[in-house]
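Construct all of the structure, not just a fragment, from the sequences and the given hints.
Its first residue numbered 0, the sequence shown is counted upward by one per residue in numbering that gives the first Met the number 0.
For the record, the hints were derived by calculation from the structure and aren't laboratory data.
Every clue listed holds true.
The calculated label-pair distances, taken between Cβ atoms and stated as ranges, are: (1) T250 x K362: 26 to 32 Å; (2) N883 x A774: 40 to 46 Å; (3) Q224 x E202: 18 to 24 Å; (4) K652 x N883: 53 to 59 Å.
In silico DSS-like links for lysine-lysine, alpha-carbon gap of 30 Å or less: (5) K855 x K917; (6) K105 x K91; (7) K331 x K299; (8) K541 x K556; (9) K507 x K463; (10) K556 x K523; (11) K495 x K470; (12) K556 x K528; (13) K1008 x K951; (14) K577 x K652; (15) K978 x K1005; (16) K384 x K362; (17) K47 x K364; (18) K528 x K543; (19) K507 x K495; (20) K87 x K47; (21) K978 x K1008; (22) K253 x K299; (23) K523 x K577; (24) K327 x K279; (25) K962 x K976; (26) K364 x K327; (27) K619 x K577; (28) K951 x K976; (29) K362 x K253; (30) K331 x K279; (31) K962 x K1008; (32) K619 x K652.
Using N, Cα and C, we set each Cβ at its ideal position, and we do this for glycine too.
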Amino acid sequence: MTPTMDRNRKRVPGFGAVLLILVSHVTSALEVPLDLPQPPTITLQSPKDYIFDPRENIVIHCEAKGKPHPSFSWTRNGTHFDVEKDSKVLMKPGSGTLVIDISGEKAEAYEGTYQCTAHNEHGTAVSNSIVIRQSRSPLWSKERNEAIVVQMGVSLVLQCRPPAGLPPPVIFWMDNNFQRLPLDKRVSQALNGDLYFSNVLPEDSRPDYICYARFPHTQTIQQKQPISVTVLDNSPEGEHRPGFMMPLGTTSTKMVLRGETLELECIAEGLPTPEISWQKDGGELPSSRTSIHDFQKTLKVSDVNEADAGDYRCTATNSLGTAHHIIKVTVKAAPFWVSAPRNLILAPNETGILTCRVNGDPKPKISWFVNGVPIENAPEEHSRKVDGDTVILSNVQSGSSAVYQCNASNEFGYLMANAFVNVLAEPPRVLTPPNRVYQVITNNPALLHCASFGSPLPTITWFKDSQTSIKNGDPYVIHENGTLEIHVAQPLNSGKYTCIATNNLGIKENHVYLDVKEPTRILKQPEYKVVQRGMSATFECKVKHDPSLIPTMTWLKDSGELPDDERFVVDMDTLTIKDVTDGDEGTYTCIMNTTLDQDSASAMLTVIEATPTPAIVYEKPDPPSDLELTDQTERSVRLTWIPGDEHNSPTQKFLIQYEDVLHQPGVWINLTEVAGTGTTAQLNLSPYVYYSFRVLALNHVGYSQPSQSSSQYRTNPAAPDENPSNVQGVGTEPGNLVISWTPLTGFQSNGPGLEYKVQWRQKDVDEDWSSKNVANVSQFAVSGTPTYVPYEIKVQALNDYGSGPEPEVMIGYSGEDLPLSAPDSVQIMVPNSTLAVVHWEPVPLPSVRGKLQGYKVYYHRERGLHETEGETEQQEQVLTFSGNRSEGRLPGLQPYSLYNLSIRVLNNKGEGPPSPSKRFETPEGVPGPPSFLNVLNPSLDSLTLEWGPPLKNNGRLTGYTLKYQPVNSTNELGPVKVKNFLANETSFTLENLNSSMLYKFNLSAKTIKGSGPIITQEAFTVMDTTVPSRQVDIATQGWFIGLMCAIALLILVLLIVCFIKRNKGGKYPVKEKEDAHQDPEIQPMKEDDGTFGEYSDTEDHKPLKGSRTPSNGTVRRDESDDSLVDYGEGGDGQFNEDGSFIGQYSGKKEKDTHEGNESSEAPSPVNAMNSFV
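This is the structure:
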């Protein structure tokens, strides 16, 4: 079928010299930058066959690009489709995509064949013809299935014949309980949905063989009427040879299209059940594309080609014989591309060709169109020549741009392609981003791109490092699209590359960079391990990689992730498995990834049973022996030794010690360590030392005994190699500077006559260094220095053989003295009753005469403002504020008080003189709690409270507040009552209280700032010599006992009345109604065994099983006469559209309405079946 515009291409005959001239213009996928004029290009369109869901909008895609941006229009069924006149159709802005709102409409009205056109001033492109169809899920036709009765051993076919849907439904067979029927080599479901039995057995008997059809688009399921099958065994069929049930006869034919999947099936009957096998006569089945399904009964060959045509033989075999069937397969082909036409960009006066090469069976017919119009109907163009599947365009001119369409069709389908011819005159431009860096691994190919555009087509040339011209040839290849390829990149190929694009209108260059990296390699691969259960296994994977790449190590077990188990520990280059189990056996792979490459290696782990081994005795190693000194120089010597016995524990390391017989005889000092596999060490030595060496070995048990000492080796004296450390300069009193240091040891002295040259000078003063040589001391005092000034100091070691290196200059300070000045301009702010903020003017730094440590604030409370002069003063308090501060905060002050304050500056020597004393007052605050609260003279309805004033008034006392409330036996608080008292009142009698009641009292004092903390007391209104109990036992109260007796008597009377009325009640008239029905389907069923129940005279006061009782407790006679629901057995039943009953008798009691509104919902058959498909 050929739509309005089909698409495909054909083979081109040879054009001789013309083709040679034009071949350079056939470029692959040449893109025109969107800022240049160009005809439209379709970039997105819907598939040719579009089946839509009627519950959703129809969306037909059509997107295109071009310059200027194209406009869009549509045809439907070959005529113009006016989108604007249909309010249900919307075309998206800037595109041709249609959105059709079919809600509330008949979706069939929009079925048809649609085609999109994209147009601008340079040409017109068209989309495929898109066939729009609505998905359908029709109902099964009404039918009545006769019960099937067969003898055991015969074959049987149950036909499904589902309704034809769009797309076709998925078929499956289930029973009434929605359980899928099992399939095996005896029972098969054919491709058409029918159910085949090669031979039937008694267990195949069942009344509910049901075929279901699921329609994918609408997700609906249709059900065929159940088929009943009864298998008799009174005259069973005997064993017999195989015969084919599907397909029938000895031969059949099958046609399949190229590229589709060939499905062949053979279903055979016979007893015993036959086995099926497949072969292709005269050829082999294509193993990579062939699969066998449905217990060998279905053969599938995917992606069929012409070579798959031929005779396919299926063979059915059982113990009694063999049957054959040959399926003759022919392969046809819808049109398919050999070479699709591609866009042409031509400069004026150039020549180009468009080719449309297609194939198919039958041979497709090729038609050409220009801007959507058949080429034979288009305006004549002398420069254009059509020859079958080829269009030749000669000496094109500006303004002749157009879009050509090639349509190829045969009876099985069509192909259509757009290809534009764009006539442009454009200087070169390079599209590859500048300065791009390409990274590759050594010995891999490198591709350096130089995507370009220009018309005429630019010529690309390459240079390396802006100098060397690159020609085609080893190791370089310059591709037609300008890409430079280096087959095997080496580090020497790294560098800067320049590509230059040239045509007759200009030149453009671009720079890129190649960085060739070292490959990632695993140097040490994991090794095969055999490990006892419960032990540990460690795999090692050492890797070398390019230092500029970040590696990532991944471990796999049997090609999957490692188990999520803390026993698996991954370190930088190891995998350790602790407490190995049998499940840990397998292949372990380490993979080292970088952004450019990876390397991997694997090893197996075998777990074996732990076997007891003889106890191994581990001991410390024996000491090394035969110490020898060789390669002797002034500052080094080589020590060699022979290791002792390791005693079953490998030596971990050797420790080399030395004794300095000259300076520290008898003291052995650690010199260096050597790995446990070594037996020699090159030792660095110091001058003027009498060396003796010894070696100790270490294993996991411990160190060995030391070896015998080596022979003595004496080094010659030399000048010191280092100066004293920890040089400091600190004044200990005014006018001095004490310079101290850590002296050199005899080992460090390097020779006799060790002295120290001490040098000093005042910093930032133009004067020479003063110096003094001293010996056998570690400090030197300089006197007569100014107070606290910086000095530069240095100490140099020297001996009889010379001086040490130039010493480092350190900074020290001469001695400090007490500060001279006191802080000035002291100001105090009091933000609240307990806090004061003090500000002062810092003293001048020269007057500190030392390192400023901070300021000390001395303050004390003189008295309260309500107190008289002369009362005892409180102890003085001190706060220190470190650093060069000018303010401080004094927290924790007592409200309504008078304080005295002074400030001193502080250095390391001590404190300076105090500032003038300043007084300040704190405002009133809330008072403290009353000093006590006592309860006196409690009686039946009154008691007296007595209290004392607060210990700290914190202001002028204005009175007291009393809050009290009763507390019942369950500790619940009653209503609060409040009383206020004057400041001079300290007692009060509360009257009109409840007797035998516990009261809680809260008392607080007040100032003008508010109430202070409360003091709490509790007391009863009765006087008792024992401790009053707050819990009253209600069970011992007389009124409670009387009330309980009255309630019990009332309940007894009600029970007697109910019993009398019950015996006078009538019987339900249900049994007579049941006898009249005589229909077993509406008889009540017993819950335990499903048999029909009976209503006995002895149990007629009980509700009927499965009955539904109204909430008012009555049974309405008119409703119980004929309502199936009232008997409780029909409520859960469900009927199909064709009247078939698909529910089940529930047999459940239903709850009365006063027990809740719970409901039980039957399982959805659609949901149940969806779970199988």
